[in-house]
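J.: Heads up: the sequence lines are chains A and B, in that order.
All letters in the first sequence, in the order written, are residues 1 to 287 by my numbering.
All letters in the second sequence, in the order written, are residues 1 to 250 by my numbering.
Simulated from the structure, these hints should not be mistaken for lab results.
Predicted model only: the values in this text are computed from it and were never measured.
Here a beta-carbon is modelled for each residue, glycine too, at the ideal position from N, C-alpha and C.
There's no promise every hint is true.
Which chain B residues face chain A? A few, computed with CB under 10 Å, are given here [to be verified]:
hint, residue
1, Asn3
2, Ser6
3, Lys22
4, Tyr85
5, Tyr86
6, Asn93
With a Cα cut of at most 20 Å, we get these calculated EDC-like pairs of lysine to aspartate or glutamate [to be verified]:
hint, chain 1, residue 1, chain 2, residue 2
7, A, Lys127, A, Glu96
8, B, Lys12, A, Glu275
9, A, Lys99, A, Asp110
10, A, Lys17, A, Glu204
11, B, Lys15, A, Glu96
12, B, Lys22, A, Glu96
13, B, Lys23, A, Glu96
14, B, Lys80, A, Glu96
15, A, Lys271, A, Glu204
16, A, Lys219, A, Asp254
17, B, Lys244, A, Glu73
18, B, Lys12, A, Glu96
19, B, Lys80, A, Glu85
20, B, Lys12, A, Asp110
21, B, Lys12, A, Glu95
22, B, Lys15, A, Glu95
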Amino acid sequence: MQNLIKINNLSFRYGKKNHVFDSLNIEFKAGNIYGLLGENGVGKTTLLRLISGLLFPVNGNIEVMGNTPGKREPGFLEEIYYLPEVFNSPPITLEEYAKINKLFYPKFNDEQFRYYVNELGVDQSKKLSKMSYGQQKKAIIAFALSCNTSLLLLDEPTNGLDIPSKTVFRRLIAGNIDLNKCFIISTHQVRDLENMIDPIVILEQNQILLNNSIEDITKHLWFGIRQHKSEHTFYAEDALGGYNLVERNTTGEDSKVNIEMLFNSAICNKKLYKEIFINPKSSTDNE
Amino acid sequence: MNNTFSISRFAKVVKSEILTNKKNILSSLVVPVFLVTLEFLAGFISQSSYTPDVFSSNLFFIGLSVLILTFVIYKNLFHKVNGVYYSMLPAKNIEKFLSMLFITLILLPLLLSLILFILSSFSNLIFGFGVENAFKCIFTSSQNTSSGNIISGFVESPFWSFISIQAIAIWGVCFFRNNKTRNTFLSLILVAFIITISIFFYFGINRFNLDFILSQEQTQFWKTVLFYFEIIFPVGMLSWAYYKFTRQQV
Numbered sequence: 001m002q003n004l005i006k007i008n009n010l011s012f013r014y015g016k017k018n019h020v021f022d023s024l025n026i027e028f029k030a031g032n033i034y035g036l037l038g039e040n041g042v043g044k045t046t047l048l049r050l051i052s053g054l055l056f057p058v059n060g061n062i063e064v065m066g067n068t069p070g071k072r073e074p075g076f077l078e079e080i081y082y083l084p085e086v087f088n089s090p091p092i093t094l095e096e097y098a099k100i101n102k103l104f105y106p107k108f109n110d111e112q113f114r115y116y117v118n119e120l121g122v123d124q125s126k127k128l129s130k131m132s133y134g135q136q137k138k139a140i141i142a143f144a145l146s147c148n149t150s151l152l153l154l155d156e157p158t159n160g161l162d163i164p165s166k167t168v169f170r171r172l173i174a175g176n177i178d179l180n181k182c183f184i185i186s187t188h189q190v191r192d193l194e195n196m197i198d199p200i201v202i203l204e205q206n207q208i209l210l211n212n213s214i215e216d217i218t219k220h221l222w223f224g225i226r227q228h229k230s231e232h233t234f235y236a237e238d239a240l241g242g243y244n245l246v247e248r249n250t251t252g253e254d255s256k257v258n259i260e261m262l263f264n265s266a267i268c269n270k271k272l273y274k275e276i277f278i279n280p281k282s283s284t285d286n287e
Numbered sequence: 001m002n003n004t005f006s007i008s009r010f011a012k013v014v015k016s017e018i019l020t021n022k023k024n025i026l027s028s029l030v031v032p033v034f035l036v037t038l039e040f041l042a043g044f045i046s047q048s049s050y051t052p053d054v055f056s057s058n059l060f061f062i063g064l065s066v067l068i069l070t071f072v073i074y075k076n077l078f079h080k081v082n083g084v085y086y087s088m089l090p091a092k093n094i095e096k097f098l099s100m101l102f103i104t105l106i107l108l109p110l111l112l113s114l115i116l117f118i119l120s121s122f123s124n125l126i127f128g129f130g131v132e133n134a135f136k137c138i139f140t141s142s143q144n145t146s147s148g149n150i151i152s153g154f155v156e157s158p159f160w161s162f163i164s165i166q167a168i169a170i171w172g173v174c175f176f177r178n179n180k181t182r183n184t185f186l187s188l189i190l191v192a193f194i195i196t197i198s199i200f201f202y203f204g205i206n207r208f209n210l211d212f213i214l215s216q217e218q219t220q221f222w223k224t225v226l227f228y229f230e231i232i233f234p235v236g237m238l239s240w241a242y243y244k245f246t247r248q249q250v
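Chain A with its partners taken away, still in its complex shape (with noise of 0.2 Å):
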């Protein structure tokens, strides 16, 4: 599949001394729902918002589909949607948003945006600014999907969504990918998520701890319940009847990932995860 983001290098700061990212390699392909994990404060809307071009790295580069996202350029632009987590609610409905701003997005569906709108039950005809947050994100939800940008980044997108729009936004982004497109989704809120993000990309403080596909998970480790834990368990929970646990896998058994186990159990064993997933011909060596 295409690259379409390629990182090389890349070092961010804020300030002289708050350093977020320290020679960051990374690249994301088309045709992926992203999920970037990450604890407060290691970087996943830094990330996000050095991709958009809206901060420019301090050493390395961007490739964004063969762009400098920081020249800001329209061809770039039209091709990239941003929903960060607070956004601009102008004063005038979602109808004449959509209105003015579809103008400069060529690949933009009215249908679709109609579609989308009726899904998510939101009203066309009252204004942004009076509507709550949750409404405000589920109508900006509704326009960046219209837009079918090749790039979607959404920084925290269920913050604040009801129990049944995260259902039907889980299904209106699984419909909208397709083999040209990447959505790259940041987020705490894991289980909003789980069954639609692949690959899985989880930051750590200049690093990265893991970015690979489910598959790929599976095949390295377990998760599940067991009465006890072995000398494989990376992770535990107490679980009714045992642990919940996650463990290497040796037997080749499948399972169904976890994600907020996996993300637990990436945070308390860093060198580990470094080790089987972005190292892996190292981690073959000691063994």
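Take the given structure of chain A and dock chain B to it, following the hints.
T.: Below, chain B without anything else, positioned relative to chain A:
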């Protein structure tokens, strides 16, 4: 993918700005027109033979309107949240920046002139005299229009002072991170104070009266002041604000 300046895209940005800021633009039109009308009526009622000096009040209200609207519109461009929308809008930076300049500097004064012209025609019909042609007030000099020299009238018109006023508003929203309105206002006072002190030192304490200073209009001193205030200052401020916008990180 057209990454060069595009007139059609510029028009789209202008349209989008007008529709998004329609309430602010409408207020910027209604308030000065209301104030000019009020002043005209007050003068008319207090003495029937009185013809108010609407030339200067037109200019004052229109200038104030341009200043406030510029401040409100450009504030979005350099805003932590709204700035994301503007930075991500698929248009060239120069198209976004100029669209706002076009609305506040060309469209608003022209619309105000048109409304005041209509108002003037009505007052002519009803009272027998009308308010001064606002278009003339803004785009021509009070001295040169009588001689019919349109070009030099435009060169010396208050329009250029509007650009300077606007440049200060844009500089204020771009320079100050917090309390933009208060800080810009204080900066304006500071600039006015510095100019007053400079004039004071230039002319000396004995000759520091307004009539004398204004009578020196054709002197080299005034030409230098106007050159800096109406050309160097706004060009510098606007270029700097544009550069800050292109390098803005939000």
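J.: Hints first: check each against the structure and report whether it holds.
T.: Now for the hints, and whether the structure bears them out:
1. Asn3: Holds. Min distance 5 Å.
2. Ser6: holds, 8 Å
3. Lys22: holds, 8 Å
4. Tyr85: holds, 4 Å
5. Tyr86: The hint holds - Tyr86 (chain B) has a Cβ within 10 Å of chain A, the shortest such distance being about 8 Å.
6. Asn93: Nearest chain A Cβ about 6 Å off; hint holds.
7. A:Lys127 / A:Glu96: holds, 9 Å
8. B:Lys12 / A:Glu275: Violated: Lys12 (chain B) and Glu275 (chain A) sit about 52 Å apart, past 20 Å.
9. A:Lys99 / A:Asp110: holds, 10 Å
10. A:Lys17 / A:Glu204: Within the cut-off at roughly 18 Å; holds.
11. B:Lys15 / A:Glu96: Within the cut-off at roughly 12 Å; holds.
12. B:Lys22 / A:Glu96: holds, 12 Å
13. B:Lys23 / A:Glu96: Roughly 14 Å separates the two Cα atoms, so the pair holds.
14. B:Lys80 / A:Glu96: Distance of about 23 Å is beyond 20 Å: violated.
15. A:Lys271 / A:Glu204: Holds: Lys271 (chain A) and Glu204 (chain A) sit about 11 Å apart, inside 20 Å.
16. A:Lys219 / A:Asp254: holds, 8 Å
17. B:Lys244 / A:Glu73: Roughly 16 Å between the alpha carbons, so the hint for Lys244 (chain B) and Glu73 (chain A) holds.
18. B:Lys12 / A:Glu96: With Cα atoms ~14 Å apart, Lys12 (chain B) and Glu96 (chain A) stay inside 20 Å; holds.
19. B:Lys80 / A:Glu85: Holds: Lys80 (chain B) and Glu85 (chain A) sit about 12 Å apart, inside 20 Å.
20. B:Lys12 / A:Asp110: Roughly 18 Å separates the two Cα atoms, so the pair holds.
21. B:Lys12 / A:Glu95: holds, 17 Å
22. B:Lys15 / A:Glu95: holds, 15 Å
Violated hints, listed in ascending order, are 8, 14; each of the other numbered hints is respected by the structure.
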